[in-house]
Amino acid sequence: MRIVRFRHHGEGAYGAVVDHTVHLLEGSIFDTPTVGAPVAALDAVELLVPCEPSKIVAVGRNYRAHIDEMGTRAPDHPLIFYMTPNTVVGPGAVVHRPPVAQRFDYEGELAVVMGRRARGLVAQSAREAILGYTCANDITVRDWQEDGQWTRAKGADEFCPVGPEIVTDLAEPENRRLVTRLNGEIRQDTSTSDLLFDIGTLLAFITEWITLEPGDVVLTGTPGGVGPMVVGDVVEVEVDGIGVLRNRIG
Numbered sequence: 161m162r163i164v165r166f167r168h169h170g171e172g173a174y175g176a177v178v179d180h181t182v183h184l185l186e187g188s189i190f191d192t193p194t195v196g197a198p199v200a201a202l203d204a205v206e207l208l209v210p211c212e213p214s215k216i217v218a219v220g221r222n223y224r225a226h227i228d229e230m231g232t233r234a235p236d237h238p239l240i241f242y243m244t245p246n247t248v249v250g251p252g253a254v255v256h257r258p259p260v261a262q263r264f265d266y267e268g269e270l271a272v273v274m275g276r277r278a279r280g281l282v283a284q285s286a287r288e289a290i291l292g293y294t295c296a297n298d299i300t301v302r303d304w305q306e307d308g309q310w311t312r313a314k315g316a317d318e319f320c321p322v323g324p325e326i327v328t329d330l331a332e333p334e335n336r337r338l339v340t341r342l343n344g345e346i347r348q349d350t351s352t353s354d355l356l357f358d359i360g361t362l363l364a365f366i367t368e369w370i371t372l373e374p375g376d377v378v379l380t381g382t383p384g385g386v387g388p389m390v391v392g393d394v395v396e397v398e399v400d401g402i403g404v405l406r407n408r409i410g
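Residue numbers (the numbering used here): 161 to 410.
I should point out that these hints are in silico values taken from the structure, not numbers from a laboratory.
Predicted model only: the values in this text are computed from it and were never measured.
Among the hints, a few may not be true.
Stated by the list, open to error - Computed beta-carbon distance windows for the label pairs:
1. 252 with 178: 34 to 44 angstroms
2. 262 with 284: 22 to 32 angstroms
3. 302 with 235: 27 to 37 angstroms
4. 343 with 230: 22 to 32 angstroms
5. 187 with 242: 40 to 50 angstroms
6. 317 with 280: 24 to 34 angstroms
All residues carry an ideal CB built from backbone N, CA and C; glycine is no exception.
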């Protein structure tokens, strides 16, 4: 199933995309929702963040090429940091560049959306707790990151676009092409098979000490090719089989 969240009668509603048409979903997306009546064509609705996370858990230095370009070493364990719900914006949203930021970078990523409450997951079976997968952009003020304040550098308001859809039946999520474009030009182009720590390992590590709730988002890391954005730029993150997450910098 391809799940979207969209504006319907002035409020957020969940829908399923069937043949480029959005149908209302009846029941919780975390249970067994029923596909209801068609609402409109996909390109005729205003898409919102496809889930409502209580938190976003992100992973740093999880692609070898990005580790090399940052001049750091590979971590022995997943490098974890958190973001609040205020960080998240949806597809099509304008992301405002802080005036004091010297370097404002894109970081295209594959994101995991949790489907149930999870604590103490085992790597081999962790995927049973996943609802689906989507795209994310872990936007970073690189000069703020230099003093070790990753929460400040990556966790400001609007710094984490997520969307456009949650794909629940994505085959081989760790063998998908991940592309980031800036103003139509490819800047990142890799396979998720290059992840240093796989998705099961990440979820097992994270849930050793915190509980993940339904709708929480886990970012799996960015590949090499990160770079700066300026006001007016359009950045796109595309994961094969999911779609394109597009945002403008304001």
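We went through each hint and held it up to the structure:
Separation of residue 252 from residue 178 is about 21 angstroms and departs from the stated range, judged on CB atoms against 34 to 44 angstroms. Between residue 262 and residue 284 the beta carbons are some 44 angstroms apart, a value that contradicts the proposed interval 22 to 32 angstroms. For residue 302 paired with residue 235, a C-beta distance near 19 angstroms fails the hint of 27 to 37 angstroms. Hint check: residue 343 to residue 230, Cβ distance near 23 angstroms, so the stated range 22 to 32 angstroms holds.
Between residue 187 and residue 242, the C-beta spacing of about 30 angstroms breaks the proposed range 40 to 50 angstroms. Between residue 317 and residue 280 the CB atoms are about 32 angstroms apart, so this pair conforms to the stated range of 24 to 34 angstroms.
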